[in-house]
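Asker: Sequence:
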Amino acid sequence: MSDPKREGGEWVDVGSAEELSRQPLTEVHVGRLKIALSFADGAFGAISGVCNHVGGPLGEGRLDGDYVECPWHYWKFHRVTGEGEPGFEADRVPRHDVRLEGGRVLVARAPATKRHKTPHEPHPLLRPLVRAPGALRVVGLSATVMDRAHPRYSTSEALLEHALGHARDSLGCEVQLIRLDSLRVRPCEGFYSRSAHACTWPCSITQMDPKDEMQVVYEALVHWADVVLLATPIRWGNASALYYKMAERLNCVQNQVTIRNNVLIRNKCAGFIITGGQDNIQAVAGQLLGFFGELGFHAPQFPYIAHSRGWTAEDMERNVSEVQQSEELREGARELVGRCVELARSLIGCAPCERTPRGGRKAHRLESERAGAALRALET
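Numbers 1 to 380, taken from my numbering, label the letters of the sequence shown in order.
It should be emphasised that the hints constitute simulated quantities derived from the structure, not laboratory data.
Virtual Cβ for every residue (Gly too), placed ideally from N, Cα, C.
Hints are not guaranteed to be accurate.
Unchecked claim - Only pairs whose alpha carbons sit at most 27 Å apart, straight line, appear in this in silico BS3-like list of lysine-lysine:
| id | residue 1 | residue 2 |
| --- | --- | --- |
| 1 | Lys211 | Lys245 |
| 2 | Lys245 | Lys114 |
| 3 | Lys114 | Lys211 |
| 4 | Lys114 | Lys34 |
Unchecked claim - Distance windows between CB atoms, simulated:
| id | residue 1 | residue 2 | range |
| --- | --- | --- | --- |
| 5 | Arg148 | Arg361 | 34 to 42 Å |
| 6 | Ala17 | His364 | 21 to 29 Å |
| 7 | Met316 | Gln23 | 21 to 29 Å |
| 8 | Ile348 | Asp169 | 18 to 26 Å |
| 9 | Ile259 | Pro122 | 34 to 42 Å |
Go ahead and model the full structure; you've got the sequences and the hints to work with.
Answerer: Spelled out as C-alpha coordinates, the structure:
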(Lines of atoms letter the chains of each structure in order from A; the text may use other names.)
(Lines give C-alpha, C1' and ligand atoms only; values in the text may rest on other atoms or scores of the structure.)
Protein backbone atom coordinates (compact mmCIF):
# COMPACT_ATOMS: atom_id res chain seq x y z
CA MET A 1 0.00 0.00 0.00
CA SER A 2 1.10 3.58 -0.42
CA ASP A 3 2.80 5.45 2.39
CA PRO A 4 0.00 7.68 3.71
CA LYS A 5 0.87 11.08 5.12
CA ARG A 6 -0.63 13.48 7.60
CA GLU A 7 0.14 17.11 8.24
CA GLY A 8 3.30 17.29 10.36
CA GLY A 9 4.48 13.69 9.88
CA GLU A 10 3.84 10.12 8.74
CA TRP A 11 1.05 7.73 9.42
CA VAL A 12 2.41 4.33 10.46
CA ASP A 13 0.66 1.02 9.90
CA VAL A 14 0.61 -0.77 13.27
CA GLY A 15 -1.48 -3.81 12.35
CA SER A 16 -4.79 -5.36 11.42
CA ALA A 17 -7.83 -3.55 12.78
CA GLU A 18 -9.62 -6.88 13.26
CA GLU A 19 -6.79 -8.33 15.35
CA LEU A 20 -6.06 -5.20 17.35
CA SER A 21 -9.74 -4.73 18.23
CA ARG A 22 -9.72 -8.08 20.05
CA GLN A 23 -7.56 -6.64 22.84
CA PRO A 24 -8.73 -3.66 24.90
CA LEU A 25 -5.11 -2.50 25.27
CA THR A 26 -1.99 -3.28 23.24
CA GLU A 27 1.53 -1.89 23.08
CA VAL A 28 2.52 -1.07 19.50
CA HIS A 29 5.56 0.68 18.09
CA VAL A 30 5.61 3.70 15.83
CA GLY A 31 9.24 3.88 14.85
CA ARG A 32 11.04 4.09 18.19
CA LEU A 33 7.96 5.30 20.03
CA LYS A 34 5.97 3.02 22.31
CA ILE A 35 2.25 3.58 21.88
CA ALA A 36 -0.58 2.38 24.14
CA LEU A 37 -3.29 1.50 21.61
CA SER A 38 -6.73 0.91 23.07
CA PHE A 39 -10.05 -0.21 21.66
CA ALA A 40 -13.40 0.51 23.34
CA ASP A 41 -16.90 1.47 22.23
CA GLY A 42 -15.97 0.65 18.62
CA ALA A 43 -13.12 3.14 18.41
CA PHE A 44 -9.35 3.10 18.76
CA GLY A 45 -7.34 5.50 20.89
CA ALA A 46 -3.58 6.00 20.93
CA ILE A 47 -1.46 7.67 23.58
CA SER A 48 2.21 7.53 24.49
CA GLY A 49 3.15 4.20 26.00
CA VAL A 50 5.51 5.83 28.53
CA CYS A 51 4.03 6.80 31.90
CA ASN A 52 4.78 10.22 33.36
CA HIS A 53 5.73 8.78 36.74
CA VAL A 54 8.87 6.67 36.19
CA GLY A 55 8.42 5.58 32.60
CA GLY A 56 6.22 2.54 33.12
CA PRO A 57 4.89 0.73 30.00
CA LEU A 58 1.30 1.97 29.70
CA GLY A 59 0.57 -0.43 26.84
CA GLU A 60 1.24 -3.37 29.18
CA GLY A 61 -1.27 -2.12 31.72
CA ARG A 62 -5.03 -2.46 31.68
CA LEU A 63 -8.02 -0.44 30.59
CA ASP A 64 -10.11 0.88 33.47
CA GLY A 65 -13.13 2.40 31.79
CA ASP A 66 -11.75 5.16 29.56
CA TYR A 67 -8.42 5.24 31.35
CA VAL A 68 -5.19 3.35 30.70
CA GLU A 69 -3.75 2.24 34.03
CA CYS A 70 0.02 1.89 34.28
CA PRO A 71 1.01 -1.62 35.43
CA TRP A 72 3.85 -0.31 37.58
CA HIS A 73 2.26 2.18 39.96
CA TYR A 74 -1.33 2.57 38.72
CA TRP A 75 -1.20 6.10 37.32
CA LYS A 76 -4.08 6.60 34.87
CA PHE A 77 -4.41 8.51 31.60
CA HIS A 78 -7.41 8.90 29.30
CA ARG A 79 -7.06 6.45 26.46
CA VAL A 80 -7.91 9.04 23.77
CA THR A 81 -6.85 12.45 25.14
CA GLY A 82 -3.90 11.35 27.26
CA GLU A 83 -5.12 13.49 30.16
CA GLY A 84 -4.68 12.29 33.72
CA GLU A 85 -7.60 10.89 35.71
CA PRO A 86 -10.10 13.32 37.30
CA GLY A 87 -8.27 15.71 39.56
CA PHE A 88 -4.99 15.20 37.67
CA GLU A 89 -6.02 16.20 34.15
CA ALA A 90 -3.05 18.52 33.67
CA ASP A 91 -0.65 15.60 34.17
CA ARG A 92 -0.96 14.20 30.65
CA VAL A 93 0.90 12.06 28.16
CA PRO A 94 0.97 12.80 24.40
CA ARG A 95 -1.94 11.58 22.31
CA HIS A 96 -1.60 10.39 18.73
CA ASP A 97 -4.21 10.56 15.97
CA VAL A 98 -5.56 7.25 14.70
CA ARG A 99 -7.35 6.31 11.47
CA LEU A 100 -8.43 3.16 9.66
CA GLU A 101 -7.56 2.40 6.06
CA GLY A 102 -8.13 -0.85 4.20
CA GLY A 103 -8.69 -2.78 7.42
CA ARG A 104 -5.43 -1.52 8.89
CA VAL A 105 -4.82 0.74 11.89
CA LEU A 106 -2.68 3.78 11.15
CA VAL A 107 -1.18 5.87 13.95
CA ALA A 108 0.37 9.29 13.42
CA ARG A 109 4.08 9.28 14.16
CA ALA A 110 4.02 12.88 15.41
CA PRO A 111 2.02 13.39 18.63
CA ALA A 112 -0.98 15.70 18.42
CA THR A 113 -0.36 17.02 21.95
CA LYS A 114 2.67 17.46 24.18
CA ARG A 115 3.56 15.68 27.37
CA HIS A 116 2.99 17.69 30.52
CA LYS A 117 4.28 16.69 33.93
CA THR A 118 2.68 18.58 36.76
CA PRO A 119 5.40 19.65 39.20
CA HIS A 120 5.31 17.56 42.36
CA GLU A 121 7.13 18.25 45.60
CA PRO A 122 9.94 15.71 45.96
CA HIS A 123 9.38 13.10 48.64
CA PRO A 124 11.12 14.02 51.93
CA LEU A 125 13.25 10.87 51.71
CA LEU A 126 14.77 12.14 48.46
CA ARG A 127 16.73 14.89 50.20
CA PRO A 128 20.54 14.82 49.91
CA LEU A 129 22.40 12.30 52.05
CA VAL A 130 24.14 14.60 54.50
CA ARG A 131 24.89 13.51 58.04
CA ALA A 132 23.65 16.16 60.46
CA PRO A 133 26.27 17.18 63.04
CA GLY A 134 25.98 15.97 66.60
CA ALA A 135 26.44 12.93 68.78
CA LEU A 136 26.54 9.43 67.34
CA ARG A 137 23.08 8.06 66.71
CA VAL A 138 22.03 4.46 67.40
CA VAL A 139 18.72 3.00 66.26
CA GLY A 140 17.44 -0.29 67.61
CA LEU A 141 15.08 -2.37 65.48
CA SER A 142 13.05 -4.96 67.36
CA ALA A 143 11.63 -7.69 65.12
CA THR A 144 9.65 -9.33 67.93
CA VAL A 145 5.94 -9.74 67.31
CA MET A 146 3.59 -9.46 70.27
CA ASP A 147 0.31 -8.00 71.41
CA ARG A 148 1.48 -4.70 72.89
CA ALA A 149 -1.77 -4.40 74.83
CA HIS A 150 -0.81 -7.63 76.61
CA PRO A 151 2.99 -7.57 76.49
CA ARG A 152 5.21 -10.52 77.27
CA TYR A 153 8.91 -10.62 77.99
CA SER A 154 11.01 -10.69 74.82
CA THR A 155 14.57 -11.86 75.34
CA SER A 156 15.87 -10.23 72.16
CA GLU A 157 14.08 -6.94 72.78
CA ALA A 158 15.18 -6.84 76.44
CA LEU A 159 18.84 -7.16 75.46
CA LEU A 160 18.33 -4.55 72.73
CA GLU A 161 16.85 -2.09 75.23
CA HIS A 162 19.80 -2.72 77.56
CA ALA A 163 22.25 -2.03 74.72
CA LEU A 164 20.46 1.19 73.79
CA GLY A 165 20.45 2.32 77.41
CA HIS A 166 24.20 1.77 77.60
CA ALA A 167 24.74 3.68 74.35
CA ARG A 168 22.72 6.60 75.71
CA ASP A 169 23.91 6.72 79.33
CA SER A 170 27.54 5.59 79.06
CA LEU A 171 28.56 6.30 75.47
CA GLY A 172 26.78 9.64 75.01
CA CYS A 173 24.80 8.57 71.95
CA GLU A 174 21.37 9.60 70.79
CA VAL A 175 19.19 6.50 70.65
CA GLN A 176 15.90 5.47 69.11
CA LEU A 177 13.96 2.23 69.51
CA ILE A 178 11.69 1.14 66.65
CA ARG A 179 9.40 -1.77 67.38
CA LEU A 180 8.50 -3.09 63.95
CA ASP A 181 5.26 -4.64 65.17
CA SER A 182 3.99 -1.20 66.21
CA LEU A 183 4.27 0.17 62.66
CA ARG A 184 1.59 -0.11 60.01
CA VAL A 185 3.72 -1.48 57.20
CA ARG A 186 2.26 -2.90 54.03
CA PRO A 187 4.00 -6.00 52.71
CA CYS A 188 6.10 -5.71 49.56
CA GLU A 189 3.77 -5.93 46.57
CA GLY A 190 6.31 -7.15 44.04
CA PHE A 191 6.99 -4.04 41.98
CA TYR A 192 10.50 -5.40 41.40
CA SER A 193 8.94 -8.51 39.85
CA ARG A 194 7.28 -6.30 37.23
CA SER A 195 10.51 -4.51 36.40
CA ALA A 196 13.67 -3.64 38.29
CA HIS A 197 12.97 0.00 37.40
CA ALA A 198 9.51 -0.24 38.96
CA CYS A 199 11.18 -0.72 42.35
CA THR A 200 11.87 2.94 43.11
CA TRP A 201 13.47 4.99 45.85
CA PRO A 202 11.58 5.86 47.92
CA CYS A 203 9.55 2.66 47.77
CA SER A 204 6.54 2.96 45.47
CA ILE A 205 4.21 2.00 48.32
CA THR A 206 5.67 4.75 50.50
CA GLN A 207 5.09 7.27 47.71
CA MET A 208 1.51 6.17 47.09
CA ASP A 209 0.31 5.52 50.65
CA PRO A 210 0.99 8.24 53.23
CA LYS A 211 -0.37 5.93 55.94
CA ASP A 212 2.32 3.31 55.28
CA GLU A 213 4.84 3.62 58.10
CA MET A 214 7.83 1.95 56.50
CA GLN A 215 9.01 5.52 56.03
CA VAL A 216 9.99 5.47 59.73
CA VAL A 217 12.50 2.68 59.00
CA TYR A 218 13.78 4.31 55.80
CA GLU A 219 14.28 7.61 57.59
CA ALA A 220 16.18 5.98 60.44
CA LEU A 221 18.43 3.72 58.37
CA VAL A 222 19.20 6.00 55.42
CA HIS A 223 19.24 9.47 56.98
CA TRP A 224 19.44 9.36 60.78
CA ALA A 225 21.39 6.49 62.30
CA ASP A 226 25.13 5.86 62.43
CA VAL A 227 24.59 2.46 64.07
CA VAL A 228 21.76 -0.02 63.52
CA LEU A 229 21.17 -2.79 66.06
CA LEU A 230 18.65 -5.39 64.93
CA ALA A 231 17.21 -7.78 67.52
CA THR A 232 15.28 -10.83 66.37
CA PRO A 233 14.01 -14.04 67.89
CA ILE A 234 14.59 -17.35 66.11
CA ARG A 235 11.41 -18.73 64.56
CA TRP A 236 11.72 -22.26 63.17
CA GLY A 237 15.39 -21.77 62.49
CA ASN A 238 14.99 -18.34 60.89
CA ALA A 239 14.76 -14.68 61.82
CA SER A 240 11.23 -13.55 62.59
CA ALA A 241 8.65 -13.10 59.84
CA LEU A 242 8.53 -9.43 60.78
CA TYR A 243 12.22 -9.08 59.92
CA TYR A 244 11.64 -10.60 56.48
CA LYS A 245 8.67 -8.30 55.90
CA MET A 246 10.98 -5.36 56.57
CA ALA A 247 13.79 -6.85 54.47
CA GLU A 248 11.50 -7.21 51.45
CA ARG A 249 10.60 -3.54 51.68
CA LEU A 250 14.31 -2.65 52.00
CA ASN A 251 14.88 -4.13 48.55
CA CYS A 252 14.36 -0.65 47.12
CA VAL A 253 17.51 0.50 48.97
CA GLN A 254 19.64 -2.33 47.58
CA ASN A 255 18.03 -2.01 44.16
CA GLN A 256 19.31 1.55 43.86
CA VAL A 257 22.83 0.10 43.85
CA THR A 258 21.84 -2.50 41.26
CA ILE A 259 20.13 -0.29 38.69
CA ARG A 260 21.45 3.22 39.37
CA ASN A 261 24.75 2.75 41.21
CA ASN A 262 23.22 4.98 43.86
CA VAL A 263 24.61 4.03 47.28
CA LEU A 264 22.16 5.16 49.99
CA ILE A 265 23.83 3.58 53.03
CA ARG A 266 27.11 5.37 53.72
CA ASN A 267 29.58 4.92 56.58
CA LYS A 268 27.10 3.12 58.83
CA CYS A 269 27.54 0.12 61.09
CA ALA A 270 25.17 -2.77 61.90
CA GLY A 271 25.14 -5.34 64.71
CA PHE A 272 22.69 -8.06 65.71
CA ILE A 273 21.09 -9.67 68.76
CA ILE A 274 19.65 -13.15 68.17
CA THR A 275 17.82 -15.22 70.78
CA GLY A 276 15.45 -18.14 70.75
CA GLY A 277 14.39 -21.45 72.18
CA GLN A 278 15.90 -23.30 69.19
CA ASP A 279 19.31 -23.30 67.56
CA ASN A 280 20.39 -22.17 64.05
CA ILE A 281 22.01 -19.00 65.29
CA GLN A 282 24.87 -18.98 62.79
CA ALA A 283 22.56 -19.42 59.78
CA VAL A 284 20.32 -16.57 61.00
CA ALA A 285 23.37 -14.38 61.63
CA GLY A 286 24.75 -15.24 58.19
CA GLN A 287 21.53 -14.12 56.50
CA LEU A 288 21.46 -10.87 58.47
CA LEU A 289 25.11 -10.11 57.73
CA GLY A 290 24.73 -10.90 54.04
CA PHE A 291 21.64 -8.75 53.62
CA PHE A 292 22.85 -5.75 55.60
CA GLY A 293 26.21 -6.02 53.84
CA GLU A 294 24.45 -5.75 50.48
CA LEU A 295 22.62 -2.67 51.72
CA GLY A 296 26.02 -1.09 52.41
CA PHE A 297 26.47 -1.47 56.17
CA HIS A 298 29.82 -2.18 57.81
CA ALA A 299 30.10 -4.72 60.63
CA PRO A 300 32.43 -4.60 63.64
CA GLN A 301 34.59 -7.49 64.70
CA PHE A 302 32.25 -10.07 66.27
CA PRO A 303 29.08 -8.40 64.94
CA TYR A 304 26.44 -10.28 66.91
CA ILE A 305 25.56 -11.80 70.25
CA ALA A 306 23.16 -14.71 70.59
CA HIS A 307 21.54 -17.10 73.04
CA SER A 308 19.62 -20.33 72.47
CA ARG A 309 18.63 -23.30 74.63
CA GLY A 310 18.79 -25.67 71.66
CA TRP A 311 16.53 -28.25 70.07
CA THR A 312 16.08 -30.56 73.06
CA ALA A 313 15.15 -27.85 75.58
CA GLU A 314 11.49 -27.14 74.90
CA ASP A 315 11.14 -24.97 78.01
CA MET A 316 10.77 -21.33 77.02
CA GLU A 317 10.05 -20.36 80.61
CA ARG A 318 13.58 -21.38 81.56
CA ASN A 319 15.00 -19.69 78.46
CA VAL A 320 13.36 -16.43 79.51
CA SER A 321 14.54 -16.71 83.11
CA GLU A 322 18.11 -17.41 81.99
CA VAL A 323 18.18 -14.21 79.94
CA GLN A 324 16.54 -12.21 82.71
CA GLN A 325 19.16 -13.36 85.23
CA SER A 326 22.22 -13.33 82.99
CA GLU A 327 24.61 -10.46 83.63
CA GLU A 328 26.91 -12.03 81.04
CA LEU A 329 24.35 -11.51 78.25
CA ARG A 330 23.79 -7.92 79.32
CA GLU A 331 27.53 -7.39 79.30
CA GLY A 332 27.62 -8.90 75.82
CA ALA A 333 24.94 -6.43 74.68
CA ARG A 334 26.92 -3.51 76.11
CA GLU A 335 30.11 -4.66 74.45
CA LEU A 336 28.33 -5.20 71.12
CA VAL A 337 26.95 -1.69 70.96
CA GLY A 338 30.33 -0.40 72.10
CA ARG A 339 32.08 -2.11 69.19
CA CYS A 340 29.49 -0.76 66.78
CA VAL A 341 29.80 2.79 68.11
CA GLU A 342 33.60 2.65 67.96
CA LEU A 343 33.51 1.53 64.34
CA ALA A 344 30.88 4.10 63.40
CA ARG A 345 32.93 6.86 65.00
CA SER A 346 35.94 5.88 62.90
CA LEU A 347 33.82 5.88 59.74
CA ILE A 348 32.50 9.41 60.20
CA GLY A 349 34.50 11.72 58.00
CA CYS A 350 35.74 8.94 55.74
CA ALA A 351 35.06 9.32 52.05
CA PRO A 352 31.81 7.41 51.46
CA CYS A 353 31.40 4.81 48.77
CA GLU A 354 29.69 6.79 46.01
CA ARG A 355 29.60 3.91 43.53
CA THR A 356 30.61 0.27 43.35
CA PRO A 357 32.80 -1.49 40.77
CA ARG A 358 30.35 -3.35 38.56
CA GLY A 359 32.32 -6.56 38.02
CA GLY A 360 30.73 -9.34 40.06
CA ARG A 361 27.78 -7.18 41.10
CA LYS A 362 24.19 -8.25 40.73
CA ALA A 363 22.58 -7.58 37.34
CA HIS A 364 25.87 -6.81 35.60
CA ARG A 365 27.14 -8.74 32.59
CA LEU A 366 30.90 -8.95 32.17
CA GLU A 367 32.50 -7.43 29.08
CA SER A 368 33.50 -10.88 27.84
CA GLU A 369 29.87 -11.99 28.05
CA ARG A 370 28.67 -8.94 26.13
CA ALA A 371 31.37 -9.41 23.49
CA GLY A 372 30.48 -13.11 23.16
CA ALA A 373 26.79 -12.30 22.80
CA ALA A 374 27.54 -9.71 20.11
CA LEU A 375 29.75 -12.21 18.22
CA ARG A 376 27.09 -14.89 18.36
CA ALA A 377 24.55 -12.41 17.01
CA LEU A 378 26.83 -11.63 14.08
CA GLU A 379 27.38 -15.31 13.33
CA THR A 380 23.66 -15.94 13.14
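Asker: Now tell me, hint by hint, if it's right for this structure.
Answerer: A quick look at each hint next to the structure:
Distance check on the hinted pair: Lys211 and Lys245 sit about 17 Å apart at the alpha-carbon level, within 27 Å; holds. For the suggested pair Lys245 and Lys114, the alpha carbons sit about 41 Å apart, so the restraint of at most 27 Å is broken. The suggested pairing of Lys114 with Lys211 is violated, with an alpha-carbon distance near 34 Å, which exceeds 27 Å. Of the supplied pair hints, the one linking Lys114 and Lys34 holds, its CA atoms being roughly 15 Å apart against a limit of 27 Å.
At roughly 40 Å, the beta-carbon separation of Arg148 and Arg361 lies within the given 34 to 42 Å, and the hint holds. At roughly 43 Å, the beta carbons of Ala17 and His364 sit outside the given window of 21 to 29 Å. One distance hint, 21 to 29 Å for the beta-carbon pair Met316 and Gln23, is violated here, with the actual separation near 57 Å. At roughly 21 Å, the beta-carbon separation of Ile348 and Asp169 lies within the given 18 to 26 Å, and the hint holds.
Between Ile259 and Pro122 the CB atoms are about 19 Å apart, so this pair departs from the stated range of 34 to 42 Å.
In the structure shown, a violation is registered for the earlier hints numbered 2, 3, 6, 7 and 9, in ascending order.
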